[in-house]
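Chemist: Residues per chain, in single letters:
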Amino acid sequence: MSTKFLKHPEISNISKSDDLIQHPTDRQPFLELRQISKLYGDFTALDNLNLSLKRGEILGYIGPNGAGKTTTMKIIVGLIRSYKGTILLDGKTVNKLENSIHKILGYLPQDVGFQTWRTVYHLLDTFGRLSGYDTDKLPARIDDVLQKVGLKDVKHKKIVHLSSGMQQKLRLAQALLHEPQFLVLDEPMTGLDPSSRYQMKKIIRQLADENITIFLSSHILSDVQDIADRIAIINHGKILNVGTPQELQAKFNVGNEIEIIFGENQKILPDFMKIPQVAHTKKISANKTVLTLKPKINLDQALVSIMNELTNQKCIVRSFNLLQPSLEEVYLRYVEEDD
Amino acid sequence: MSLGLLIRDEFKGFYKSKVMMVLWIGMPLLSLVISYLSPDTEEIPLSVFVSLMVSSLSGTLAAVMLSTTIVSEKERHVYDLFLIRPVKRWHLMFSKFVAVYVCIMIATVLSILLGLVVDLIKTDIHVDILLDGLWDSLAVSMSTMAISCSFSILIGLLVNSTMVAAILAIYAGNQLSMVAVLPGIFFSEVNTVLYSLSVGIVLALIVNIAIAFVIDRKML
Chain C
1 MSTKFLKHPE
11 ISNISKSDDL
21 IQHPTDRQPF
31 LELRQISKLY
41 GDFTALDNLN
51 LSLKRGEILG
61 YIGPNGAGKT
71 TTMKIIVGLI
81 RSYKGTILLD
91 GKTVNKLENS
101 IHKILGYLPQ
111 DVGFQTWRTV
121 YHLLDTFGRL
131 SGYDTDKLPA
141 RIDDVLQKVG
151 LKDVKHKKIV
161 HLSSGMQQKL
171 RLAQALLHEP
181 QFLVLDEPMT
191 GLDPSSRYQM
201 KKIIRQLADE
211 NITIFLSSHI
221 LSDVQDIADR
231 IAIINHGKIL
241 NVGTPQELQA
251 KFNVGNEIEI
261 IFGENQKILP
271 DFMKIPQVAH
281 TKKISANKTV
291 LTLKPKINLD
301 QALVSIMNEL
311 TNQKCIVRSF
321 NLLQPSLEEV
331 YLRYVEEDD
Chain H
1 MSLGLLIRDE
11 FKGFYKSKVM
21 MVLWIGMPLL
31 SLVISYLSPD
41 TEEIPLSVFV
51 SLMVSSLSGT
61 LAAVMLSTTI
71 VSEKERHVYD
81 LFLIRPVKRW
91 HLMFSKFVAV
101 YVCIMIATVL
111 SILLGLVVDL
121 IKTDIHVDIL
131 LDGLWDSLAV
141 SMSTMAISCS
151 FSILIGLLVN
161 STMVAAILAI
171 YAGNQLSMVA
181 VLPGIFFSEV
191 NTVLYSLSVG
201 IVLALIVNIA
211 IAFVIDRKML
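In the order they appear, the protein sequences are chains C and H. Everything in the first sequence is counted per this note's numbering, starting at 1 for the first residue and increasing by one. Everything in the second sequence is counted per this note's numbering, starting at 1 for the first residue and increasing by one.
These are calculated hints, taken from the structure and not from any lab test. Errors might be hidden in some of the hints.
Example chain H residues on the side facing chain C (calculated, C-beta under 10 Å, incomplete) [unchecked claim]: (1) 87; (2) 125; (3) 128.
Here are the in silico distance ranges between beta carbons for each label pair [what the hints assert, rightly or not]: (4) H:176 with C:134: 43 to 49 Å; (5) C:35 with H:172: 40 to 46 Å; (6) H:126 with C:134: 53 to 59 Å; (7) H:3 with C:34: 50 to 56 Å; (8) C:47 with H:21: 48 to 54 Å; (9) C:294 with H:72: 57 to 63 Å; (10) C:35 with H:88: 39 to 45 Å; (11) H:160 with C:226: 38 to 44 Å; (12) H:21 with C:161: 18 to 24 Å; (13) H:191 with C:158: 36 to 42 Å.
Being a predicted model, the structure only gives us computed values, none of them experimental. All residues carry an ideal CB built from backbone N, CA and C; glycine is no exception.
Starting from the given sequences, assemble the full structure and let the hints guide the process.
Modeler: What follows is the structure, given as structure tokens:
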């Protein structure tokens, strides 16, 4: 049985910098989507979408329901084959009918059922063989993967008898089983309890450290924010922005807020409105005030001005916090602006 | 490589199913019971009667099961995880055809052997005559089943409702499979074995090619 398509164990163990030397092609994107459009009747699911993934990164893919996340993923994994545009894998055009991505792909779909007669082990055995994994090593690999996702105890149980959370873990298990170089995970945290969620994120992060490229969609932004190297925001079939979580926050330089907690004896508060960078103030409680800064100002200068004002007024300050907008706010702003 | 694996896999799934239990145990038993209860069948050897009955009943049963299973598996996106692996799309359905076909042929052969044993014990018909009739009915069974099985897969792929798939498999599938039987009944000069086998093979092949085309062009 051929294993030539699988990631070589030695490659997975070397560091990213060594890998760069060994792969001169790393300068070009690992995967590139060019001008991808998909219509369902009159409805435009994807509209000239361009997106690229670097080797070994986690690209988080976020957007509201119906934005086109799953459609993009199904096009990449070859389940949707009628679309306009080109997909390039390592610089080579992917054939729609003989999809070269299949040889390196692990896919966790959002909605997938299993045949009712299958046990956990039997499912993984079949998929491992179909993916071309070495049959001699497969039983041990299945044990490893089940251990990793926490399903070891239900190895010989029928899949229909598993809870939905366990089935979700099984979906991850089948995606990882054959040690693919490229993982497409569609809403992987769906249906998981908080500890499994944490476990799932840990596994995904570990895989990226092994130089596996991961394309991950979610509507739970904090999950993406925690683990993604870069984030792409999609709405109405178009990419609104791509960048690191920090870049996205910085780009939307609005809504920086400062929370000031005064000492209990502080009766008179300074008039913050005379500071030019302050847009408005809000008294939250007797000794807590939140200042909202104007957009696109120099943040450091604004902080100095506020500090000076507090010193001039001889205010007793217990705490002074800069509240940066969460990714959630950034995302909502992008989507709302787009709508 | 993936075809052999998928066939074994489907076989594993199918022989464990309740339908298979009915086919392998229920059908031969049912034929036995009927032969004892109904005096009309005394004219025909039991083995021939059994093979005709099993082929029509189990053929229909298998066809309905195949078409409805495919509709429901399609609906639950069961095939997605197969299609994203380096597997040829047509292997997926052809393996189903082979597995189910082999299973119901085993059921038929089991039933016929049982009928043959009963015939030999109960009647004084010569073995040669018995066997002669048997080849005819076996050939007809093989052909009708090949046609109805392949046709029901095509139905399962094209239709999106379990109910419609079942009805089409019962009526259309069965009607079509009669093509392999009728000339042998009406025209005595036709070589039944040769005719039904060739019709069965050609039709099943055409339908399987159509299945391969549909699954390759259509998104599951």
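Chemist: Now look at each hint and say whether the structure bears it out.
Modeler: Against the structure, the hints come out as follows:
1. With a least beta-carbon distance of about 6 Å to chain C, the hint placing residue 87 (chain H) at the interface is held under the 10 Å criterion.
2. Given hint, residue 125 (chain H) at the interface with chain C, is violated; its Cβ is 42 Å from that chain's nearest Cβ, farther than 10 Å.
3. Hint status for residue 128 (chain H) relative to chain C: violated, with the closest Cβ pair at about 43 Å, above 10 Å.
4. The supplied range of 43 to 49 Å is met by residue 176 (chain H) and residue 134 (chain C), whose beta-carbon atoms lie about 44 Å from each other.
5. Remark: the range hint 40 to 46 Å for residue 35 (chain C) to residue 172 (chain H) is upheld by a beta-carbon distance near 44 Å.
6. For the pair residue 126 (chain H) and residue 134 (chain C), the supplied restraint of 53 to 59 Å holds, since their beta-carbon distance comes to about 58 Å.
7. About 35 Å separates the C-beta atoms of residue 3 (chain H) and residue 34 (chain C), a value inconsistent with the hinted range of 50 to 56 Å.
8. Separation of residue 47 (chain C) from residue 21 (chain H) is about 53 Å and conforms to the stated range, judged on CB atoms against 48 to 54 Å.
9. Checked against the hint of 57 to 63 Å, the pair residue 294 (chain C) and residue 72 (chain H) passes, with Cβ atoms roughly 59 Å apart.
10. The hinted window of 39 to 45 Å between residue 35 (chain C) and residue 88 (chain H) is violated, with their beta carbons roughly 29 Å apart.
11. For residue 160 (chain H) paired with residue 226 (chain C), a C-beta distance near 40 Å keeps the hint of 38 to 44 Å intact.
12. Residue 21 (chain H) and residue 161 (chain C) have their C-beta atoms about 21 Å apart, which keeps the hinted 18 to 24 Å range intact.
13. Between residue 191 (chain H) and residue 158 (chain C), the C-beta spacing of about 49 Å breaks the proposed range 36 to 42 Å.
Hint compliance for this structure: hints 2, 3, 7, 10, 13 are broken, all remaining hints hold.
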